[in-house]
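Asks: Could you build the full structure based on these sequences and the hints that come with them?
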Amino acid sequence: QKEVEQNSGPLSVPEGAIASLNCTYSDRVSQSFFWYRQYSGKSPELIMSIYSNGDKEDGRFTAQLNKASQYVSLLIRDSQPSDSATYLCAVEGGNQFYFGTGTSLTVIP
Amino acid sequence: EAGVVQSPRYKIIEKKQPVAFWCNPISGHNTLYWYRQNLGQGPELLIRYENEEAVDDSQLPKDRFSAERLKGVDSTLKIQPAELGDSAVYLCASSLGPFSYVDEQFFGPGTRLTVL
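Protein sequence lines, in the order shown, are assigned to chains F and U. Going by the working numbering, the first residue of the first sequence is number 1, and it counts up by one from there. Going by the working numbering, the first residue of the second sequence is number 110, and it counts up by one from there.
Do not rely on the hints blindly, as some may be mistaken.
[To be verified] Cross-link-like lysine-lysine pairs, in silico, DSSO-like; alpha carbons within 27 Å at most: (1) F:67 to U:171; (2) U:171 to U:120; (3) U:125 to U:187; (4) U:124 to U:180; (5) U:125 to U:171; (6) U:187 to F:42; (7) F:56 to F:67; (8) F:42 to U:124; (9) U:187 to U:171.
Hints listed in this document are in silico derivations from the structure and should not be mistaken for laboratory results.
Replies: Right under this line is the structure:
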């Protein structure tokens, strides 16, 4: 069983809509959760981190964490074409660190 | 401030040949990571250094891969001999440390390796 699972997509949303990206993880001792964005041919860059249950908002991005359900999500409000990228979920716990396979997002103008 | 520097950016070799990748982390960053990323996959951690000590190399294929971080700054990842399945992008990242994964990781541009 993969430690971190994401729907590979592709996910397409119209410009201005809300994009919802989901991630589940298998290790209950996981403590830290991250969302990285990776443009095609580029390296990952951190956009959000979350450590406790609930929502964390940063501009147009909201991360949601539910440790009981072992679920973390990323919402992108007012999606822009520049948000088109692969979004990688990453999970840390027990001194282990794993990335998911990523979800490809396309925002259609 | 300069970011993580990696070289070369691209490398094409024939199978069974050796290859080496070099990484210079952000100044002051104690933790250094090497990842391998296959097409359509997320990065897979190969090895993590805290200063000059390799503290997690459980995913490093030790029969052909080796790494070093002399003096706790620059690092080199080597493959000898390379196999066709080693074709991937090799990413280096660094973070402040010492709490490792809690810190933001900054990635270099990567080295795209093609093994023919």
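Asks: Checking each numbered hint in turn, tell me which of them this model violates, lowest number first.
Replies: The structure breaks hints 1, 4; every other hint is satisfied.
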